[in-house]
Structure formats: C-alpha cells, structure tokens
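Using the sequences provided together with the hints, build the complete structure.
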Amino acid sequence: MKKLKVNSDISYFRKWTRKSYSIFKSLNKQCAISSLLVAYSLVTVPYESFAQADTIIVNNNKKLDEVVVSAQRASVTYSQMARVVTIMDKKAIEAAPVQSLQDLLEYVLNVDVRQRGNHGVQADVSIRGGNFDQTMILLNGVNITDPQTGHLSMNLPVDIESIERVEVLQGPGARVYGPNAFSGAINFITGTENKNKLKANISAGENGFYSGSANTTIISGKLKSYLALAHKSSDGYIENTDFRNTNAFYQGKLSTEVGQLDLQLGYNEKAYGANSFYTPKFPNQFEENKTSFASLRLTTNGKVKMTPNIYWRRSQDRFELFRNNPASWYTNHNYHLTDVYGSSMNFAFSSSLGKTAAGVEFRSENVWSNVLGELMEKSMKVPGESGAFFTKSHTRTNLSYFLEHNVFLDKFTFTAGVLANWNSDLDRSFSFYPGLDMSYQITGNTKFYASVNKSLRMPTFTDLYYVGPSNIGNTNLEPEEATTYESGLKFNTNWLKAHAGIFRREGKNMIDWVKAKSEDKWQAQNITDLNTWGIEFSSNINMRYLVDSDFFIKSIAIKYAYMEMDKSSDEFISNYVLDQLNHKLNISLNHKIYKSLGASWQFAWQDRNGSYTWYNKNDLSQFEERSYRPFWLVDTKLYWQKPSYTVYIEASNLLDHDYFDMGNITQPGRWIRAGVKLNLAL
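As numbered in UniProt numbering, residues 1 to 682 make up the sequence shown, in order.
Think of the hints as simulated: they come from the structure by calculation, not from any bench. Among these hints, one or two may not hold up.
Below, a list of computed lysine to aspartate or glutamate pairs in the EDC-like style, where the Cα atoms sit at most 16 Å apart [as the list claims (entries may be wrong)]:
1) LYS677 / GLU161
2) LYS290 / GLU161
3) LYS508 / GLU481
4) LYS197 / GLU164
5) LYS281 / GLU320
6) LYS392 / GLU377
7) LYS90 / GLU206
8) LYS91 / GLU164
9) LYS281 / ASP566
10) LYS508 / ASP566
11) LYS281 / ASP520
12) LYS517 / GLU624
13) LYS199 / GLU94
14) LYS290 / GLU239
15) LYS281 / GLU625
16) LYS392 / ASP339
17) LYS677 / GLU94
18) LYS290 / GLU320
Label pairs and their calculated CB-CB ranges [as the list claims (entries may be wrong)]:
19) GLU625 / TYR330: 20 to 30 Å
20) ASN679 / LEU655: 26 to 36 Å
21) TYR267 / VAL547: 41 to 51 Å
22) LEU638 / LEU426: 45 to 55 Å
23) LYS517 / GLU564: 21 to 31 Å
24) VAL547 / TRP640: 17 to 27 Å
25) LYS517 / LEU496: 48 to 58 Å
26) LEU426 / VAL547: 57 to 67 Å
27) THR528 / LEU426: 12 to 22 Å
Glycine included, each C-beta is placed from N, C-alpha and C at the ideal position.
Structure below.
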C-alpha cells in the first residue's frame, strides 16, 4: 500500500475549489487534495468519514492521491484517523425529507433526537446514550452550547438551507474541544459558493405551515460574503403547538497576506406554544427565545498554523407557565439572559517526530434571571419587557489548556493528548483529562481502531438553580466525569463503506432529574456511577458502482445501534439519563424514477428504555407509570430536479403513527409539505 505523504502546509484543493472540507475547520483541521481526477460520484445519504475517502465515493478508475484531514487538534490524513466522524454533505441534506436541522439529525448513527416541537422549535440532541447537556454544539467550529440548558443549544442563527455539511464526532471530545463535549460534538458548517449566487426556497403545507428562505454569495476581490434570511411558521398540529421562527446570518471571509479572516454574525428569534414541554400538569405553556451570535477568527499562513478566535453568544428566554388564564397563585413569568464570551488560540506544526498541536481557551458564562442564580444586591430591568426585573445572577469562568501529539509509523497511527481544565465554580485547581487513539491498517480495505478518552461536563445553570412547580435544582452538584473505551473495524471499497464498533462509557457523578415516586418533584442529582455500553453498525452501498452507472437505485444506507446501561431505573424514575434508545435502526434509500424525477426514503425504528408518568389530560389526578413503546417512522420526498430549480413534495410520519419522544408530548401525525427551490447565478 502506498504510504500517504503528510504536508502540514496543504490547506486547499488544487483542482477543486469547494471550501469547508475540514472536519471542525476552525480548530485548524484542514483538508487538502493535491490531485483529483475530474470524474467522481456523490452518495446522497449520510455516512461515516472513513480513512480513505471524504464526501466522495471514488470509482474504480479514479483515486485520491492525497487527502489531509483531522478530527483532532492537528490535521492528519484520512488513512491515519482513529475516530469515527459521521458526515452529512449538501447532497444528503438536499435529498432529506426534512425542513429543519434537528429533523436531519434523526438520520445520524447513534444520535437520539427527542423533540418537543418540530421544524426547529425545540429538541434535545444526544449521542451514544448521553443526554442533551452532554453534547457540544458548534457553528463553523465555534462552541455555541447554551450554559442555561441544553434545551436551547439548538437555537441556531441559521436554517437548513444555509448548511453545507454536518459533522458528528461520535464519542468524547473533551481533550479537543474542552468541557461539555462529553459524549460527542456536532458541528454545523455553512456553505458559500465560489461565484455569485442567489438561492431561495419557498414551501407550504398542512397545519398552516409556511417557510421561506433566501441566501446569496457575493464575491468582491478577496472578500467573500454570505448572507441568509429565513422564516417559518405554523398554526400547530394540536392545541398550543403553533410557532414562528426567524433567522438572519452573515459570514464574511477575507484573504490577506497573513491569513484568512472569518467573521460570523447571526440572530435567531422564535416563539412557540409549549404544550406540556416541561410538565403535563400545565399544557398551556409558552416560550420565546432570542439568540445573538458573533465570532471573528484568523487562520494564519506558514508552517506554524496559528488560529486566534474570539466569540460571543447571548440568549434571552421568556417562559410562561400559563400562556393565558393564569392561576391566582401565578405571579410572574421566568426571565433568563445568558452572555457567553470567550477567546482561544491554537498552534499546530509538523516535525520529524510527528505533528504537534497546542492551545488555550478562555470562556466566561454569565446568567441574569429571576429564577436562576444567587440574589443580586440590586435588581436589573429585563431588556424589552415591561415591569420585569432580573433579581438573581451567576458568573463562572473556565480556562482550558490543550496539548496533542500524533505519530505515524507506516500502517500504525498513534495520538495522545490531554486537556487541563480549571473552573471558578470548583474548589480545586486544574483537572486533567487525557486521551489516546490508535489505528492499524490490516489490509488495503480494512482498518482496526481503538481509543480511550476521559471527559467532563459542568452542570448547567438550570441543574444548579432552577426551582419550579415540578422541579428542584441542586447547587451541590459535582461535574460529571467519564472514561470511554471504544474499538472497531472500518471497511472501505469503491462500492461499500462499512463500520462496526463497540464502546463502553464508565461515568461517575452523572447528573439527572429523578424522583422516587410519581407524585414527587423532579430533583437534580448526581446519581453516582452509570455505565453505558453499545454496539454500532453502518453500511453505505453505492448501487450505481455495484450494478450500473444508470441503475435506478442510487444508494442505500443501513445504520443500527444498540445500547444498555448498567444502572437499573428501579431505584429512580428518570427524566433523561436512564431513558436512552436501546435500539435504533435507520434505512435510507435514494432512487431515480424518470429523467429528473427522483425520490428519497427514510425508514426508522426506535425502541426506548425507561418509562414516563402518564397523566389523563382531562383529569390530572389520574396518572400512572408507563413504559415507552417502540415505533416505526417513514419519511419520504419526491422531487423534480434541474440545475436552476427543484420542485418537491415531502411527507413526514407517512404512516401516521402515534409516538412519543418525551413522555406526554404528542408528536405530529402525517405532515405533508410542498415547495420550490431556486438556484440562480448572479
């Protein structure tokens, strides 16, 4: 097998001008292809990024001479990677029968999306049996995870039309990204064209659904600007499930002699009926979120890559327990404002000993609230709200140092790294979280990989301070910590990409909202040890390579994950941690029908562990404990695609099944939508 040459200076495609091909690019993870034959075929389903190929399925007479990429702090070649990163590229996103990013994540291996509101309203996203607070969310490599609660981490200032690709790191990433990449990380990468473009998408459907978006790329000299606007709304599928959601986003990239400057500015505003979102005892809840975001990053040229970055994210949240007709004892809504700002610096260079990366990150998390935090000496007016005041606040600071080194020895790769982390909320000095990854190329098509990594997660402000009619926080919570072991095999040919793996996560001080009896309040607790183990399998078949280039089936993907937790839920009734998916099966199919007419299908089967307290909504005094039931879902999309336009009709939950992601929150039945997309050169 020809050994791939590693060149740390490579950061571009010489014969292909698409951008954002690096995994978690802003952390100096660059991808280069020095020679690429023109012909290639794209798989239009999600797949794992394996050693020898990126988003490209290469035919027998085409090859990639050199690919440099990394899911670590220093870039390495695909053939040297020892981690599994699931990638959904633009083709997969466009083919999917969905209108939001959270719906898109339903199709990713071992990702659990528990939706309260559809079409981007609110969802809890977790990876490998973790919970929604244990998943780090990034936008173009910038950490935008919400410290108030993971319920709000998916409040992104971009819509699905702006996303070029989605990258999911399976397993812990603390030594790379810092605290809260506990069970995995999801990076949403926006796309810009290499020439002036205008794109638009208008759709409408049942339940008063309407969606409109437009984005444009404008290139002027060395400055490339991308601007996107989007809005969607619905009357709701049942009472008090209406919503409206608006996004505005700008990204500017400026090439200079020193390097590339990358500016991001974003805003998201959403308001929605929150029917039984946080407790079925009060189905007439309402919530409004406003999220602002900005970041500025420089990626330098030269042999030593330096990446300084600064960022800021503000989230303002208003929660109403009673949208109308409040009870006599209800005196005030809940108001929260979080400000997160930080800066980081990453260095990466190559030597005869391998590749080395080091970095430092400072992050400040601040909350003002009338519920969360400690009493303020002087109250503060809530911005934009009449007669409302913040009476509590809290600030914590986090400082992280990173160090990583990569060694390449023929077929063997080895990576060692460590995170040194300090947090002002903890009465201790730096804590260390190391990790080791290794891989061995058994044959030209088969690779063995193994890794062990430690990770941590700080409690959210809600975990620490929230007190409500059904929940009680806990200021004595300790950080969650875990050690994760994983190993597996990757198989890669021109027609088949397959992966089989096993993992075990040994967690301590795991945080969950639990109660001993159905009538008790939920209370945040460190539930001591909680061990999770699971198996994963995925396969992606390029049918047109296997059969014929004109074969009507383009691609098939099958993904299955099984998980168990060592701790039984008999001792506690769990709201999150003990309710993992025991089984998750996804089957994706994309096929041609006639000329430009095609269809995509998504079949999903889910079987969830645990139970929930069912309430009779007509008589809340009647309740009982019920187990989650397994269910099948079918989503489909029919489309007529031309270079300048696409006309489509899509349906979610085609079989109109009743199911629950979260107890007592009824999910939509069959929902049909239709629309048209435009793709115009300027």
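Hint-by-hint comparison with the structure:
1. LYS677 / GLU161: 10 Å, holds
2. LYS290 / GLU161: At roughly 20 Å apart (the allowed maximum being 16 Å), GLU161 and LYS290 break the hint.
3. LYS508 / GLU481: Since the Cα atoms of LYS508 and GLU481 sit roughly 6 Å apart, the hinted pair holds (cutoff 16 Å).
4. LYS197 / GLU164: At roughly 14 Å apart (the allowed maximum being 16 Å), GLU164 and LYS197 satisfy the hint.
5. LYS281 / GLU320: It holds: about 14 Å lies between the C-alpha atoms, which stays within 16 Å.
6. LYS392 / GLU377: 9 Å, holds
7. LYS90 / GLU206: 26 Å, violated
8. LYS91 / GLU164: Measuring from Cα to Cα gives roughly 9 Å; hence the hint holds.
9. LYS281 / ASP566: 31 Å, violated
10. LYS508 / ASP566: 12 Å, holds
11. LYS281 / ASP520: 13 Å, holds
12. LYS517 / GLU624: Holds, at roughly 11 Å.
13. LYS199 / GLU94: 13 Å, holds
14. LYS290 / GLU239: Violated, because 23 Å separates the two Cα atoms, which is more than 16 Å.
15. LYS281 / GLU625: Satisfied, since the Cα-Cα distance of roughly 15 Å is no more than 16 Å.
16. LYS392 / ASP339: Given that 16 Å is the threshold and the Cα spacing comes to 14 Å, the pair holds.
17. LYS677 / GLU94: Roughly 10 Å between the alpha carbons, so the hint for LYS677 and GLU94 holds.
18. LYS290 / GLU320: 15 Å, holds
19. GLU625 / TYR330: 20 to 30 Å: Between GLU625 and TYR330, where Cβ atoms are some 28 Å apart, the hint holds.
20. ASN679 / LEU655: 26 to 36 Å: 32 Å, holds
21. TYR267 / VAL547: 41 to 51 Å: With a Cβ separation near 48 Å, TYR267 and VAL547 satisfy 41 to 51 Å, so the hint holds.
22. LEU638 / LEU426: 45 to 55 Å: 54 Å, holds
23. LYS517 / GLU564: 21 to 31 Å: Given a distance of about 25 Å, which is inside 21 to 31 Å, the answer is holds.
24. VAL547 / TRP640: 17 to 27 Å: 24 Å Cβ-Cβ, so the 17 to 27 Å window holds.
25. LYS517 / LEU496: 48 to 58 Å: 51 Å, holds
26. LEU426 / VAL547: 57 to 67 Å: Because 58 Å falls inside the window, the suggested range holds.
27. THR528 / LEU426: 12 to 22 Å: 19 Å, holds
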